[in-house]
Each structure stands twice: as C-alpha cells, then as structure tokens.
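Novice: Make a model of the complete structure from these sequences and hints.
There are 2 protein chains.
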Amino acid sequence: MSKTTHISELATPVAVIDEDVMDANIKVVQRYFDEIGRPFRPHIKTHKIPSLARKQVAAGAVGITCQKVSEAEIFADAGFHDIFITFNMLGTDRLARLKALNNRVDLQVVADNDVVVDGLADVFTADEPLMVLVECDTGAGRNGVQSPEDAVKLAERIASKPGLVFVGLMTYPKPNTEDAVEAFFSQTVSMLKSKGIHCPVLSHGGSPSLLDSHLVKSATEHRAGTYIFNDRSMVRAGLCDYDDCAMHVIATVVSRPTETRAVLDSGSKALTSDLLGFPDHGYIVEYPDASITSLSEEHAVVDLSKCSEKPKVGERIRIIPNHTCVVTNLFDRLVFHKGGVVSGIEPVAARGCVT
Amino acid sequence: MSKTTHISELATPVAVIDEDVMDANIKVVQRYFDEIGRPFRPHIKTHKIPSLARKQVAAGAVGITCQKVSEAEIFADAGFHDIFITFNMLGTDRLARLKALNNRVDLQVVADNDVVVDGLADVFTADEPLMVLVECDTGAGRNGVQSPEDAVKLAERIASKPGLVFVGLMTYPKPNTEDAVEAFFSQTVSMLKSKGIHCPVLSHGGSPSLLDSHLVKSATEHRAGTYIFNDRSMVRAGLCDYDDCAMHVIATVVSRPTETRAVLDSGSKALTSDLLGFPDHGYIVEYPDASITSLSEEHAVVDLSKCSEKPKVGERIRIIPNHTCVVTNLFDRLVFHKGGVVSGIEPVAARGCVT
Numbered sequence: 059m060s061k062t063t064h065i066s067e068l069a070t071p072v073a074v075i076d077e078d079v080m081d082a083n084i085k086v087v088q089r090y091f092d093e094i095g096r097p098f099r100p101h102i103k104t105h106k107i108p109s110l111a112r113k114q115v116a117a118g119a120v121g122i123t124c125q126k127v128s129e130a131e132i133f134a135d136a137g138f139h140d141i142f143i144t145f146n147m148l149g150t151d152r153l154a155r156l157k158a159l160n161n162r163v164d165l166q167v168v169a170d171n172d173v174v175v176d177g178l179a180d181v182f183t184a185d186e187p188l189m190v191l192v193e194c195d196t197g198a199g200r201n202g203v204q205s206p207e208d209a210v211k212l213a214e215r216i217a218s219k220p221g222l223v224f225v226g227l228m229t230y231p232k233p234n235t236e237d238a239v240e241a242f243f244s245q246t247v248s249m250l251k252s253k254g255i256h257c258p259v260l261s262h263g264g265s266p267s268l269l270d271s272h273l274v275k276s277a278t279e280h281r282a283g284t285y286i287f288n289d290r291s292m293v294r295a296g297l298c299d300y301d302d303c304a305m306h307v308i309a310t311v312v313s314r315p316t317e318t319r320a321v322l323d324s325g326s327k328a329l330t331s332d333l334l335g336f337p338d339h340g341y342i343v344e345y346p347d348a349s350i351t352s353l354s355e356e357h358a359v360v361d362l363s364k365c366s367e368k369p370k371v372g373e374r375i376r377i378i379p380n381h382t383c384v385v386t387n388l389f390d391r392l393v394f395h396k397g398g399v400v401s402g403i404e405p406v407a408a409r410g411c412v413t
Numbered sequence: 059m060s061k062t063t064h065i066s067e068l069a070t071p072v073a074v075i076d077e078d079v080m081d082a083n084i085k086v087v088q089r090y091f092d093e094i095g096r097p098f099r100p101h102i103k104t105h106k107i108p109s110l111a112r113k114q115v116a117a118g119a120v121g122i123t124c125q126k127v128s129e130a131e132i133f134a135d136a137g138f139h140d141i142f143i144t145f146n147m148l149g150t151d152r153l154a155r156l157k158a159l160n161n162r163v164d165l166q167v168v169a170d171n172d173v174v175v176d177g178l179a180d181v182f183t184a185d186e187p188l189m190v191l192v193e194c195d196t197g198a199g200r201n202g203v204q205s206p207e208d209a210v211k212l213a214e215r216i217a218s219k220p221g222l223v224f225v226g227l228m229t230y231p232k233p234n235t236e237d238a239v240e241a242f243f244s245q246t247v248s249m250l251k252s253k254g255i256h257c258p259v260l261s262h263g264g265s266p267s268l269l270d271s272h273l274v275k276s277a278t279e280h281r282a283g284t285y286i287f288n289d290r291s292m293v294r295a296g297l298c299d300y301d302d303c304a305m306h307v308i309a310t311v312v313s314r315p316t317e318t319r320a321v322l323d324s325g326s327k328a329l330t331s332d333l334l335g336f337p338d339h340g341y342i343v344e345y346p347d348a349s350i351t352s353l354s355e356e357h358a359v360v361d362l363s364k365c366s367e368k369p370k371v372g373e374r375i376r377i378i379p380n381h382t383c384v385v386t387n388l389f390d391r392l393v394f395h396k397g398g399v400v401s402g403i404e405p406v407a408a409r410g411c412v413t
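Respectively, the protein sequence lines represent chains S and G.
Reading the first sequence from the start, the letters are residues 59 to 413 in the numbering used here.
Reading the second sequence from the start, the letters are residues 59 to 413 in the numbering used here.
Since the list gives no way to pick one copy over another, a pair counts as held whenever it fits inside one copy or between any two copies.
Result set (DSS-like, lysine-lysine): computed pairs, CA atoms no more than 30 Å apart in a straight line:
1. Lys219 x Lys370
2. Lys219 x Lys253
3. Lys113 x Lys61
4. Lys275 x Lys232
5. Lys61 x Lys157
By construction, these hints were calculated from the structure, which means they are not laboratory data.
What you are looking at is a predicted structure, and each value in this text was computed from that prediction instead of being measured.
Specialist: Below, the structure is given as structure tokens:
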C-alpha cells in the first residue's frame, strides 16, 4: 500500500501549487510565443525555484530574467547560462559580484542613466565585456530614459566604453500600451541606425498584457513571470480564469466572532499586503462572495455579509492571492500537488534575495 | 589597527538596527511598566531574535508573547520558559506540537470559541494541563468573544475540561479605548467571581497606546512588540520621535528618470506593502518632504516634487518603515550598529514562521 499526503493534511497557512495547472500555463504561454515567433524569457521572480525555470526552458524559453544579482547567482549555480538582470546596478559589492557572474554566464543588464553606465564601465573590461540594454520608460513611470533621444544618448555612451557592449532596448510597459512601446522602440532604432549603432535586442515585457505582445511588432523578445502560477490580477486582466490559477494559500478559519465576520490564520505574513488595485486581499474559492477586508500579520478578517453559506471554525479554505510573486517570497518552501495529493516540495531557493 | 565595517559599506537594501536606540527603547518602556507596577510580556514578532528577547527579559520582562507555535518552539529551544501564544490553536499537527511544547515550558494560549476549546481539551490531560485565556474583542474587530457574558460561558467551558486550566482574559485592543477594556475586564471578572471562577490574569496589549496601559487599572500584564525598534506608526501615535526609531532600511537611489522622480532599490520585498494607514511607504530621513508613492517588488518610486534638495543617483538614503515588524520578516538577517559602525549581525531566527 502506497502512502500519500493530501494537501488537506498540511498545517496552515501553506502555499500550494497545482502541478497540472502550472504545466498547462507554461505550455499555453510558450505556444503563444512560438506561434508569433518571438523568443520568450520568463522572469523567475514568480517562483524563485530553479527546477521550475528548467521546465520553462524545456518548454522553449530562451533564457531567464532576474531582478537582482543575488537571484542570478543562485540560478547560475543551478546551471542557467543565459540571464538578463533587468535592474540598474550600483555599488562596489554588487558590481564585483556582477563581474564574477559575467565570467561564467551570458549576462545582460540594463542602465537608464550615466552614473550606472560609468560605474559598469569602471569595472568591466574588453576581454570579458558586459552586455547592456537601455531601459526605456514607455509610460509605466518607474525606471527608464524618458525619450528616444535620451535612449540614443545613453546607447552612445555605452557603446563608447571598452568594457561594455550596447545590445538593445528594454521596457517594462504600462499594460495595454503596445502602440507607445512600438513607437518608442522604432523611433529609437531608426535614430540609432542613422548613427551606425546596431540594436539587435528589443526586450518587451510584463504579464498583464502578455498575450498582446505581438502588437509590439519590432520586439525581439518578451519577459513575464506571473503566468506560470497566475493570480487574481491575471484573472482581472482577462488572461485566465480562476481555474488556471496554480497557487492557492490554504488557510483555516480560526474564529467566527460574529455572524458576518470570520478570521483566517493567513495574515500579511502569508498573503502580503499587496492590494494590486483590489479593494480586498484575495479571492476565496469556496466563498466567492466573501471579502478579506483587512490583514494583520497573522490574522485575515473576512466580511461574510454577502455570503449565503458561511464557513465554520476549523474549516479550511483556499485563497487565490491578488499577487502570486510576493506570496512566494514569504514562504521557505512551496508544496506541489496533483489533484490534491502532494507530489513534491521545493525550497524557494531565491527567496529574500533583495541585493 | 582594528578593522571595522560601516553601514555605508553594506549592499542595499539592508535593514539595520541602531543598538543604542534599541537598548534605550527597552529601558524606557520597561521603566514605565516598573513604575506602574505591571508585569510586561514583550511580543517577539517585532524582532524574531532570541538574543533580543533575552535583553528584554534581562531588563525586567516576565516572559514573552508569540503568535504561532513555530515561533514559540524556536524561543523554547533558545531557553525561554514562559511563553504566551495569543492565537487560537486548531489542527492536528499544531495541537501535537503545542502539547510537546507544554511539556517543557510554561505555556499559555487563548481561545475565543467552543471549537478551539474542545480541540484543546481532546489533546491535553490533567497530568500536564494547558493554561488557557479567553480572548475578548473589546473593539478591535478581530478575534475575541463579543461580550462579558460570552467570555464567562467560554471560561466555564474551559474550566470544565480536565486537561485545561482557565487562567484569565486577554485582549488586543483598539488604540485609545482603555475605558472599554476596563469595563469588559471588570464586568467579566465580577460575573466569574459570582460563579466562583478564579481569573488571575487580565492581559492587556498593543503598542499604539502602550504608555496608557495604567488606565486599564485591572490589567495584570501588558503585551507589546513594536516599541523595541519603533517605526513611523509609533511616531504618529506620539509614542516616540524619529530619533527613537532603531530600524532603518538603507536603500540606494538607482534612478532619477525625471526632475521630480527618484527610484530606490527597496521595493515591497524590503519594505512590504503595509501602509498601516499612511498614504505612502515610509519616511525618508534625509528627505522628509519626499514621498514613496508606490512600490513594486524591487522598486520604490519616490515623488520629489516637494523637496528643495533632491537626491542623486548612487546616493544612499535611510527609510523609517511604516511598520517595523513586517520588515523584519522579510530579511534573513538584521545588521546591528553603534553610531554607524557594525556591531553584530543576527539571523532572524523566527522569520517566516506562519504555522
């Protein structure tokens, strides 16, 4: 007789991943990129686990995206050799680690200002040069040069440094702004061309408008992370249904202080406080009319006033988080299952990598 | 020549603790409780580090407060023998661990409903009984029985179980509601007395109105965590100044995309998204007029429009977080310093303990 563990036996709160749903998500998105003939470079921030990135590469991904050197080091150790770190690199310690990493994998980074470019140029040399892309702010209002003119200036500066190789442009776009991205990319490329600067890579990204990537015709690759697990924000974006969400946080109803209030043992230490534009903290599968109105570290307070059926103390419920990536970062391990039967457990190898 | 490390050399983002400020915080709060003659039981959730709890106990604390069994296990392993877990306990695994813990330390837990009491009663026996308090909702709207009458009923149920000992009442109050707490406690005690039920412990708690604990005259102890580091919420509550905040998240300005925008490398993976009622994500010591308007996982976007002086790319700044406890939970280690010189580093032993 073979013994199995069911996810209903695990101590709560616990983050579980439905392997079949995850595998289907990997397949569906890779198929889309195969169909439009665009290389896909998944962002590991959603899972932070090398074996899952291996599945993504096995399905056809050309490499991976990381946000920090410390993440990239872990994935390099795990055998990945094509890594794009989409973050400005500054600081003595970080640059030394970046240089060591560039000696052993195919590494690309971004820059959006002179200080970052000059810092990189001080450390890298022509014998082991670093590939650098210019990050462009195409409307998201985060990092990035503000205009094609500024992109060209920075590209020229990169190209002038012996230890750096200018390879292209990168953007993390505002959702549903494909025209703006296309305009920024194509104008910059055209200006660069007139100056004789080659710009082979145009890296587009983001999850919320993932399946509209083809609308940015000039892009040469796409980066996205969330799709592997999906979450409530991806359902809202129309990219998937709740059934396509591979991650659930299983929680226990620990209290029913009033007729309309339940309290769960999944607080901000399990769900994070990331609202991501939602008015409440996650979608409860069994009680879709319930609303997680507030979180403290270990408590989730649930308003049941719109529920006809109400949960009892001791009952276990499943939450689809607003934002899956930040939940992964809170757990030391993710538990995998097939149809509820535990199929594996993986340490979140790059959890907490902030540097 | 002795070599030292300055916090300005550490890779960012990093959470640092000013030891002198922390030690002063421990002293000031313990002195208050000594003066009002009230036992103090610090909550370890703020630091999650046994050596810091040891300082709190050395200063005069009577024991510690934890929120989860997994936290209590770590502190029991570290030698603490008087532990109060202020959370409803449910689930086979958790109850088995609780029983093992009760065999080796003086343990108290809470309950606010019959299911929890009956679950405890099924596991504990008269030879090693468990001490149980009734959690009372005195206005905070989280866990807790809703009235003194319900508190009495639950106390009677606890007292009727051979493996449980009813020892008192506990509340996590809404700030500045001392009168409501006092009324709830005293009415319940009086009703219990008329039934011949002894109620030795009245455990009051919370940080925001910490120094008003004496207003709850009947309370026999106070629980609070945040005071050891302090944070922006404690400054807002009037309990301390920014100079009394021991924790800073040091971040680097990685981008200045526009005249009024800076981007820091301390995103929600360093600061969390806990607004705690604030409109923005932390207080920047060097630029008090700046506002951290949004966070993604690795980026903090800062609005500089009200700043006369503006930071440059590469500059390091210090952030006092809205909520210090949740920041601790994100970092594997906290770095301690005296006047900027690193004096120690401690693993956050109970980080990520959600079960």
